[in-house]
Amino acid sequence: MDFDFTEEQRLLDETVRRLVKDEYDIAKRKSYMAAPDGFSRKLWDRYAELGLLGLPFAESEGGFGGSAVEIMIVMESFGRGLVVEPYLASIVLGGGLVSLAGSAAQKQAILPQVAAGKLLLAFAHGERQSRYALADVETTATKDGSGWMLSGHKGVVLNGDSADQLIVSARSAGGSRERNGIGLFLVDAKAKGVGVRGYPTVDGLRAAEVTLDGVRVGGDAVLGVADGAYPVIEHAVDRALAALAAEAVGIMETLNAATLDYLKTRKQFGVPIGSFQALQHRMADMVVEHEQSKSMAVLAALSADLADAAERRRVISAAKVQIGRSGRFVGQQSIQLHGGIGMTDEYLAGHYFKRLTMIDQSFGDADHHLDRFAEVTLSAG
Amino acid sequence: MELAYTAEEQAFREEVRSFIRDNLPADIQDKMLNGKKMGREDFLRWHRTLHKQGWVAPNWPEEHGGTGWTPVQRHIFEDESAEAGAPPVIPFGVTMCGPVIIRFGNDWQKQFFLPKILSAEHVWCQGFSEPGSGSDLASLRTKAVRDGDHYIVNGQKTWTTSAQFADWIFNLVRTDPGAKKQEGISFLLIDMKTPGITVRPIVTMDGGAEINEVFFDNVKVPAKNLVGEENKGWTYAKFLLGNERTGIARVGASKRELKQLKQIASSERDGGRPLIENPRFRDKVAALEVELMALEITNLRMIAAMRGGKGPGPESSILKIKGSDIQQRLTELAMEALGPYAMPFQREALEAGWNEEPIGPDYAAVAAPHYFNYRKVSIYGGSNEIQRNVISKMMLGL
Chain A
5 MDFDFTEEQR
15 LLDETVRRLV
25 KDEYDIAKRK
35 SYMAAPDGFS
45 RKLWDRYAEL
55 GLLGLPFAES
65 EGGFGGSAVE
75 IMIVMESFGR
85 GLVVEPYLAS
95 IVLGGGLVSL
105 AGSAAQKQAI
115 LPQVAAGKLL
125 LAFAHGERQS
135 RYALADVETT
145 ATKDGSGWML
155 SGHKGVVLNG
165 DSADQLIVSA
175 RSAGGSRERN
185 GIGLFLVDAK
195 AKGVGVRGYP
205 TVDGLRAAEV
215 TLDGVRVGGD
225 AVLGVADGAY
235 PVIEHAVDRA
245 LAALAAEAVG
255 IMETLNAATL
265 DYLKTRKQFG
275 VPIGSFQALQ
285 HRMADMVVEH
295 EQSKSMAVLA
305 ALSADLADAA
315 ERRRVISAAK
325 VQIGRSGRFV
335 GQQSIQLHGG
345 IGMTDEYLAG
355 HYFKRLTMID
365 QSFGDADHHL
375 DRFAEVTLSA
385 G
Chain B
14 MELAYTAEEQ
24 AFREEVRSFI
34 RDNLPADIQD
44 KMLNGKKMGR
54 EDFLRWHRTL
64 HKQGWVAPNW
74 PEEHGGTGWT
84 PVQRHIFEDE
94 SAEAGAPPVI
104 PFGVTMCGPV
114 IIRFGNDWQK
124 QFFLPKILSA
134 EHVWCQGFSE
144 PGSGSDLASL
154 RTKAVRDGDH
164 YIVNGQKTWT
174 TSAQFADWIF
184 NLVRTDPGAK
194 KQEGISFLLI
204 DMKTPGITVR
214 PIVTMDGGAE
224 INEVFFDNVK
234 VPAKNLVGEE
244 NKGWTYAKFL
254 LGNERTGIAR
264 VGASKRELKQ
274 LKQIASSERD
284 GGRPLIENPR
294 FRDKVAALEV
304 ELMALEITNL
314 RMIAAMRGGK
324 GPGPESSILK
334 IKGSDIQQRL
344 TELAMEALGP
354 YAMPFQREAL
364 EAGWNEEPIG
374 PDYAAVAAPH
384 YFNYRKVSIY
394 GGSNEIQRNV
404 ISKMMLGL
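So the protein lines, in turn, are chains A and B.
Each residue of the first sequence is one higher than the one before, counting from 5 in the working numbering.
Each residue of the second sequence is one higher than the one before, counting from 14 in the working numbering.
All the pointers check out, no bait thrown in.
Partial chain A-side listing against chain B, Cβ under 8 Å, derived:
| id | residue |
| --- | --- |
| 1 | 135 |
| 2 | 160 |
| 3 | 181 |
| 4 | 204 |
| 5 | 213 |
| 6 | 282 |
| 7 | 344 |
| 8 | 354 |
| 9 | 365 |
| 10 | 371 |
Cross-link-like lysine to any residue pairs, in silico, SDA-like; alpha carbons within 25 Å at most:
| id | chain 1 | residue 1 | chain 2 | residue 2 |
| --- | --- | --- | --- | --- |
| 11 | B | 275 | A | 131 |
| 12 | B | 268 | B | 303 |
| 13 | B | 193 | A | 274 |
| 14 | A | 32 | B | 222 |
| 15 | A | 271 | A | 282 |
| 16 | A | 32 | B | 359 |
| 17 | A | 271 | B | 248 |
| 18 | A | 271 | B | 402 |
| 19 | B | 49 | B | 363 |
| 20 | A | 271 | B | 192 |
| 21 | B | 123 | B | 247 |
| 22 | B | 50 | B | 62 |
| 23 | A | 271 | B | 215 |
Label-pair distances were calculated between CB atoms; the ranges are:
| id | chain 1 | residue 1 | chain 2 | residue 2 | range |
| --- | --- | --- | --- | --- | --- |
| 24 | A | 276 | B | 327 | 19 to 29 Å |
| 25 | B | 144 | A | 312 | 48 to 58 Å |
| 26 | B | 394 | A | 201 | 33 to 43 Å |
| 27 | B | 326 | A | 273 | 16 to 26 Å |
| 28 | B | 144 | A | 195 | 48 to 58 Å |
| 29 | B | 50 | A | 383 | 48 to 58 Å |
| 30 | A | 285 | B | 306 | 26 to 36 Å |
| 31 | B | 371 | A | 383 | 33 to 43 Å |
| 32 | A | 15 | B | 304 | 50 to 60 Å |
| 33 | B | 360 | A | 379 | 34 to 44 Å |
Derived from the structure by calculation, the hints contain no laboratory data.
As the structure is a prediction and not an experimental result, all values here were calculated from the model.
Even for Gly, the Cβ is constructed at its ideal location relative to N, Cα and C.
From just these sequences and the hints, can you work out the full model?
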């Protein structure tokens with residue numbers, strides 16, 4: 005048993021920690037959010053130079069062959085700084101899908117560009133009615149000569165407004181909510197018939213509503229099999245969930261540090277408010293929740309690419325349940341213990357609280373994943 | 014023991030209900046029911062309507078323009094108003110400052126201020142909290158120094174709701190820096206137009222700007238604006254905070270929110286079925302409704318006790334703790350119900366007259382901001398930790 009980083013991982017951790025510490029605070033973050041894409045292109049180039057953008061891709065695909073543990077290291081620090089660049093959307097999800105399902109030619113055409121920071125991807129999957137169900141796809145793909153024609157509406161597409169290429173899920177066969185019959189299609193964001201309505205999200209990121217109105221793509225736009233992409237989607241999303249768990253852990257760490265500092269420095273009734281036992285116990289519980297979350301984020305990272313998909317699903321969902329519940333407690337109590345100052349936009353806690361809250365509602369909340377966990381663990385027979 | 018309202022009380026409920034139905038402007042009701050931004054004029058239009066009816070100050074004695082209602086009638090009025098989406102009267106004049114002037118003010122203050130509070134010619138805000146004085150309010154440092162017929166006020170107040178549009182502020186100021194902290198405080202009424210007052214809005218994490226910092230830089234206040242005696246302000250403040258407890262359970266508003274939550278959960282889809290049929294979500298809504306039922310009866314029991322002439326005691330802390338918890342859980346579930354569509358930030362959609370196509374359902378824009386904003390309810394008006402101290406000390410003798 006060994007929970008230590010390798011030498012390379014330790015260096016990566018140090019590098020990203022320092023980068024985030026130097027380049028991020030609430031004021032700088034606001035200036036990045038104000039840019040046209042809602043993030044800093046300059047920082048994106050820095051991430052590329054440091055090799056972060058090619059981290060999870062194989063060396064033969066222009067990457068560095070990193071595992072989910074390396075992604076965890078990056079995302080935990082990104083959580084500490086509340087980073088707004090589209091790492092989850094473009095690298096973990098977009099790049100992840102290409103690397104999991106793409107042909108050698110597709111990987112060669114896309115991944116080196118992504119790793120170099122020259123190409124942004126977004127995963128256009130969720131729909132108005134789908135909530136968290138990954139198989140609930142009503143967007144259609146109909147055969148069009150040797151290619152396909154796509155029609156439908158994709159909702160809350162993370163960083164969909166800055167992406168150069170969208171990876172669109174669409175149904176080529178089967179009824180709504182059936183796992184069979186879903187395909188993944190590479191779509192140029194500027195293609196005819198693609199409508200993108202971008203907007204900020206409540207946690208400071210960007211997303212878009214994407215409409216596909218008879219969009220024509222060639223046969224080479226299909227990632228993998230046109231009616232069998234569900235397992236790939238589930239795997240890529242599980243990786244994203246592991247990444248989100250790490251981000252949440254970084255957020256909780258920062259919130260706890262800020263809250264502890266406040267308890268020690270804020271004086272009322274002539275003493276630091278941290279001298280009150282009711283608040284001490286609350287803070288202690290917040291630390292317990294952070295440690296439990298950290299454990300589950302580690303477990304999720306170590307399980308994100310398990311060959312046994314059922315076991316992968318079980319662990320990832322367990323981690324998301326833990327993160328969702330602990331995150332809610334830590335976030336709410338952090339604001340409560342800060343009092344009025346915690347409510348303000350000027351102070352950091354509210355920003356971390358909002359992101360932590362929305363992480364729970366990304367790719368399935370605690371309830372959704374408790375069901376998914378129970379399905380694997382508790383099925384009869 | 015009898016839970017049913019008397020025939021008179023039922024008739025009163027009917028009267029209130031039909032009055033609201035006939036007089037509440039549709040645009041105000043729409044803003045209230047859909048969580049849209051309410052401006053000063055929205056609150057005041059309804060305030061003036063209630064004033065015309067003689068219903069604006071149920072908590073005042075009749076000789077000063079009160080209604081003469083029993084505690085049960087007041088509860089019925091609050092309940093009906095909240096459920097119908099009638100805006101609450103801005104509390105700082107009618108609920109807070111008015112009763113202090115009535116009880117402790119001089120004749121000039123009563124004649125000058127009370128009619129203008131009733132008519133809404135004066136809108137008030139509350140100058141209590143300071144950056145260094147939150148839960149420990151008595152440590153406040155804004156000072157007022159007597160200079161002939163005036164006080165010169167210097168200092169800063171914070172978290173001041175409505176200061177951006179208020180005409181007057183009632184301020185706790187330190188007039189005797191040498192005395193024990195509770196004993197050197199006075200209660201001073203200050204015209205917000207006085208030179209030297211600066212109001213700076215505080216943007217909250219939900220993007221709203223309903224609270225402010227208020228700075229006082231050599232502000233000259235006529236000495237006749239002192240309420241009661243110098244250095245007795247803490248007594249008046251405690252009297253005021255005791256009054257603030259009425260309606261603190263927010264049962265009516267929570268009943269309305271629960272109804273809306275059920276509507277949202279019926280519209281939202283989960284696996285092709287209404288979300289309300291998802292057992293996990295359903296259980297959470299049901300459990301919250303049980304809590305709200307209990308709180309409603311707890312609230313009524315306390316109101317019934319007040320009918321015997323007893324003022325609200327430390328038991329009202331129970332109402333604050335449970336009431337705020339329920340309000341927060343309701344916003345939490347409404348946000349959860351939306352799933353990914355809680356994420357789009359559509360601040361402009363909360364402005365009246367916005368008529369672009371919303372992102373997601375039309376009830377989505379308000380959900381997450383409402384949840385973030387409502388973290389305040391367990392902080393303001395005495396944080397829930399302070400409320401638990403009150404229960405421990407005052408009720409339990411611990």
